[in-house]
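What follows is the residue order along each chain.
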Amino acid sequence: MPVKPAVSVVASPAAEKTTPSSPAPVSPVREFLNTRGSGRLADTSFAALMLACACSIFVIVLFIFWILIQNSHLSLAAFGWKFFTREAWDPVSGDFGALPFIYGTLATSLLALAMAVPLALGVAIFLTELCPRPLRAPISFLTELLAAIPSVVYGLWAVFVLVPIMRDTLGPFLVKTLGWTGFFEGANFGVGLLTASIILAIMILPIISSLTRDIMTAVPHSQREAVLALGATRWEMIRIGVLRNSRIGIVGAVMLGLGRALGETMAVTMVIGNHPEIHKSLFAPGYTLASVIANEFAEATGDLYYSALIEIGLALFLVTIVVNAVARLMVWAVTRGAPSRAS
Amino acid sequence: MSTQPIQAQPLGDPRKPSRANILRRYTADRIVSGLAVLATVIVLAPLAAILFYLVYKGASSLNLAFFTHVPAPVGEEGGGMANAIVGSSLVLLLASLMGIPVGIAAGVYLSEFGRGKFLGNAVRFTADVLNGVPSIVMGITIYSLVVKPQRHYSALAGGIALAIMMIPTVTRTTEEMLATVPLAIREAALGLGVPKWRTAVSVSLRTASPGIITGCMLAFARVAGETAPLLFTAFGNQFWSFNLNEPIAALPLQIFVYAISPYDEWHRLAWAGALVLIVLIMVSVTLVRVFANRGVLKGGS
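Protein chains in written order, with numbering that gives the first Met the number 0: chain A, 0 to 342; chain B, 0 to 300.
If you are wondering where the hints come from, they were derived from the structure by calculation, not from laboratory data. Be aware that a few hints might be false.
What the hints assert, rightly or not - Per the computed footprint, the stretches of chain B lying under chain A, defined by three or more beta-carbons under 8 Å from a beta-carbon of chain A, are:
| hint | stretch |
| --- | --- |
| 1 | 40-54 |
| 2 | 260-272 |
Claimed, not checked - Cβ-Cβ distance ranges computed for the label pairs, FRET-style:
| hint | chain 1 | residue 1 | chain 2 | residue 2 | range |
| --- | --- | --- | --- | --- | --- |
| 3 | A | Thr216 | B | Arg150 | 31 to 41 Å |
| 4 | A | Phe172 | B | Leu22 | 32 to 42 Å |
| 5 | A | Leu177 | B | Leu37 | 44 to 54 Å |
| 6 | B | Gln149 | A | Phe64 | 14 to 24 Å |
| 7 | B | Trp239 | A | Ile247 | 22 to 32 Å |
Computed from a predicted model, the values in this text were never measured in an experiment. Glycine residues also receive a C-beta, built at the ideal position from the N, C-alpha and C atoms.
Next comes chain A alone, as it looks inside the complex (with noise of 0.2 Å):
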């Protein structure tokens, strides 16, 4: 039954045409089907062009790296992996290394880490466990506005703001109080590493919460109901109901924070005082992987200055992109099947 109306919808108008002897058997839809052709060419090369456009993407991946190390060619030669060993940066008489720059990448990303991942956890929890209702959405929206501002915006508010409290208030306070460990000594300019990493971790918080929110509300409720029948309290909750669920995914966000960190040019350029010597002291001007690039690219004289550039450029794609990859893994370990984000 269900078979027969289709067959007498294509059927019947051939029917009619057929039996009378007229010698064009041919119905008017199957002249129109006939002049349209099929649409194999078509599907396939759109099928073709859409598959170009996916791999592009590879593409460019493949065409970043390949351009990267053909330019770099010079100082990989020249230095080979003591590159990263030596501390020496002089222009002039032509020796590279990029110690100094990896110690300021790293030493502000992990501060700015230490800093952005506690008050992230915080905003996260509060968001998705304990904020009323109506609060939620303008908060989330709030929070999302912050990774929505331009990082020259963040680096013109660091200028004008950041620097000189820390330069009169804050920076005067730590000496007091933690000037004993020594991670506070000398002349204190405003700008440095410090400077650097609180910018830093204003930048990364956003990124940092609103992926932490996404992983726990995918934290299923039968787990929360489970935890709380058991007599526990809203925090006992969300340590072991919550937060041990979603342990992995945390982490691969704090990941993904950490990526944007390390690659983050122009708010660190601006604030981080720009002196490739490596001091024990947070007050201390450093300099970036990302940041003497942005400084001194434009003006490299010299095709091994230009390659040393290149090189530290090679660098940093290779550190983001092992731990983008990484993190996007945690990530989706724990966000796969769930339902994805409505707002």
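Given chain A's structure and the hints, the job is docking chain B onto it.
Using the frame of chain A, we list chain B on its own:
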């Protein structure tokens, strides 16, 4: 976050929970709740501070000249960023023209053809990773690729750099939005004899179009504020320029140059520029929210 195991209570002895223990647990609960609220306040404080300062500083230095004049030479009062606003729009237009079609097409592949295939997953993963590549690396790559062989900075190079940064965002949102289109709609189209490519273009993409527009605007907002990829590609220009083959001014670049300069007049302009940039981005993000809420298809698969 603690790693201590949950201690099992011996079963035979139904102990009454001690008062001290209950007190400790509830105090911990209160403290953590308090800390979470405190963290939220601490996080929102800088946002409020940045926005307040921006509006306060920017609004007091915005005037009509800002939108109509080119930058004044050092030491002269006045001047504006008209050329930077136009330059930014030009570079962004170029980037959108190149980046958005490729991004949408890749998203269509992921959603309509590559679902569940190894290649599809690999492309999705690569897009996510490309999203995390630092913008400065994109800048030096395009410099080596376009600027160095041509021997001059150009608006075109800036557009290419930004286009590459837009692709992953557009791809991922397109894919997510297409995934919300119910299969039944596609099947209905295919059942009427519509070819697959026509189904993808006129049915899936059309149904998901509000969401896809959202994604494109998000990508646009993201690259609108990017400075690092433009430093060595578009390079900046103090004068009017409409030639795609020449260095061109861009709003974020101009803000950067003015912010690190030692002149008060330029600082003033930097604040005004930052306010204009932020307003542009906020407006597009807010529009996105409106579109996104309207565009969510009810009963998606």
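Each hint tested on the structure:
1. 40-54: holds (count 9)
2. 260-272: holds (count 3)
3. Thr216/A - Arg150/B: 31 to 41 Å: Violated, at about 52 Å.
4. Phe172/A - Leu22/B: 32 to 42 Å: At 35 Å between Cβs, range holds.
5. Leu177/A - Leu37/B: 44 to 54 Å: violated (21 Å)
6. Gln149/B - Phe64/A: 14 to 24 Å: holds (22 Å)
7. Trp239/B - Ile247/A: 22 to 32 Å: violated (54 Å)
The structure fails hints 3, 5, 7 (numbered hints given earlier, in ascending order).
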